[in-house]
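Each chain is listed here by its residues.
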Amino acid sequence: DAGITQSPRHKVTETGTPVTLRCHQTENHRYMYWYRQDPGHGLRLIHYSYGVKDTDKGEVSDGYSVSRSKTEDFLLTLESATSSQTSVYFCAISLGVLAGGQETQYFGPGTRLLVL
Amino acid sequence: AQSVTQLGSHVSVSEGALVLLRCNYSSSVPPYLFWYVQYPNQGLQLLLKYTSAATLVKGINGFEAEFKKSETSFHLTKPSAHMSDAAEYFCAVSEDTDKLIFGTGTRLQVFP
Chain A
1 DAGITQSPRH KVTETGTPVT LRCHQTENHR YMYWYRQDPG HGLRLIHYSY
51 GVKDTDKGEV SDGYSVSRSK TEDFLLTLES ATSSQTSVYF CAISLGVLAG
101 GQETQYFGPG TRLLVL
Chain B
1 AQSVTQLGSH VSVSEGALVL LRCNYSSSVP PYLFWYVQYP NQGLQLLLKY
51 TSAATLVKGI NGFEAEFKKS ETSFHLTKPS AHMSDAAEYF CAVSEDTDKL
101 IFGTGTRLQV FP
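As they're listed, the protein sequences go chains A and B. Going by our numbering, the first sequence opens with residue 1, and the numbers climb by one from there. Going by our numbering, the second sequence opens with residue 1, and the numbers climb by one from there.
The set of hints was computed from the structure by calculation and includes no laboratory data. Where is the CB? At the ideal position from N, CA and C, for every residue including glycine. Be a bit skeptical, because a hint or two may be false.
Derived contacts from chain B toward chain A, CB cut-off under 10 Å, selection only [what the hints assert, rightly or not]:
| id | residue |
| --- | --- |
| 1 | 6 |
| 2 | 28 |
| 3 | 34 |
| 4 | 42 |
| 5 | 45 |
| 6 | 49 |
| 7 | 99 |
| 8 | 100 |
| 9 | 101 |
| 10 | 103 |
| 11 | 104 |
Derived DSS-like pairs (lysine-lysine); straight-line CA-CA distance at most 30 Å [unchecked claim]:
| id | chain 1 | residue 1 | chain 2 | residue 2 |
| --- | --- | --- | --- | --- |
| 12 | A | 11 | A | 57 |
| 13 | B | 99 | B | 58 |
| 14 | A | 70 | A | 11 |
| 15 | B | 99 | A | 70 |
| 16 | B | 58 | B | 68 |
| 17 | A | 70 | A | 53 |
| 18 | B | 99 | B | 69 |
| 19 | B | 99 | A | 11 |
| 20 | A | 11 | A | 53 |
| 21 | B | 69 | A | 53 |
| 22 | A | 57 | B | 58 |
| 23 | B | 69 | B | 58 |
Take these sequences, add in the hints, and give me the full structure.
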């Protein structure tokens, strides 16, 4: 299994509070991703990073920010949590796009977030 | 723009029966295609991927998928279902970029 951990694994918070989720990898992969998973929507990309301090928006980035100050850590922050952000959040890593192909993404175990 | 359609949010089969999970894609260039499996309360695990080599791709746990450009399909099959195959399966597409587009998933139930 790829060395990916997510913390916390479960969190309950109240509307309007800030929340930070952490993804940590031991694989030295260049790319890191944050997805959310909701019934009927599959996985949707929130933000991703292609190197330290290099990040870009995904499909559903509103209300989220990210930071990557070290290769191994990618943080996802909900500045002011809302009930619509109740979801399961997955981190993924990959070596990135190599010549001729898309490299496999490896997923962490997920964080269940409930916003009351 | 890329997109993925998985027909059937739920599929039920008997143990020992053929498993067929459907995936159709939309892509303006030859795509890279993936199937992932998710067991309850776990992350996604790669089953197999197509990267323009052989059109029939073999994966883990006896699964395979065939890339059919004329049908824009990448259906996942397994000749004989096992109880341990019960999970959610996701098809994903990439156009030689660093991002994947996922389908909405198909939950497979296997009955004894």
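Checked hints:
1. 6: Residue 6 of chain B check passes; min Cβ-Cβ to chain A is 8 Å, inside 10 Å.
2. 28: violated (15 Å)
3. 34: holds (7 Å)
4. 42: Where the cut-off is 10 Å and the nearest Cβ of chain A is about 6 Å from residue 42 of chain B, the hint holds.
5. 45: The hint holds - residue 45 of chain B has a Cβ within 10 Å of chain A, the shortest such distance being about 7 Å.
6. 49: holds (6 Å)
7. 99: holds (6 Å)
8. 100: With Cβ-Cβ at 6 Å, under 10 Å, it holds.
9. 101: holds (8 Å)
10. 103: Cβ of residue 103 of chain B sits 6 Å from chain A, so the hint holds.
11. 104: Interface hint status for residue 104 of chain B: holds (4 Å vs cutoff 10 Å).
12. A/11 x A/57: holds (24 Å)
13. B/99 x B/58: Since the Cα atoms of residue 99 of chain B and residue 58 of chain B sit roughly 23 Å apart, the hinted pair holds (cutoff 30 Å).
14. A/70 x A/11: At roughly 24 Å apart (the allowed maximum being 30 Å), residue 11 of chain A and residue 70 of chain A satisfy the hint.
15. B/99 x A/70: holds (21 Å)
16. B/58 x B/68: holds (15 Å)
17. A/70 x A/53: holds (8 Å)
18. B/99 x B/69: Holds, at roughly 21 Å.
19. B/99 x A/11: Holds: residue 99 of chain B and residue 11 of chain A sit about 27 Å apart, inside 30 Å.
20. A/11 x A/53: Holds, at about 26 Å.
21. B/69 x A/53: violated (39 Å)
22. A/57 x B/58: Not OK: residue 57 of chain A and residue 58 of chain B at ~33 Å, beyond 30 Å, violated.
23. B/69 x B/58: holds (18 Å)
Hints 2, 21 and 22 from the earlier list are contradicted by this structure; the remaining hints agree with it.
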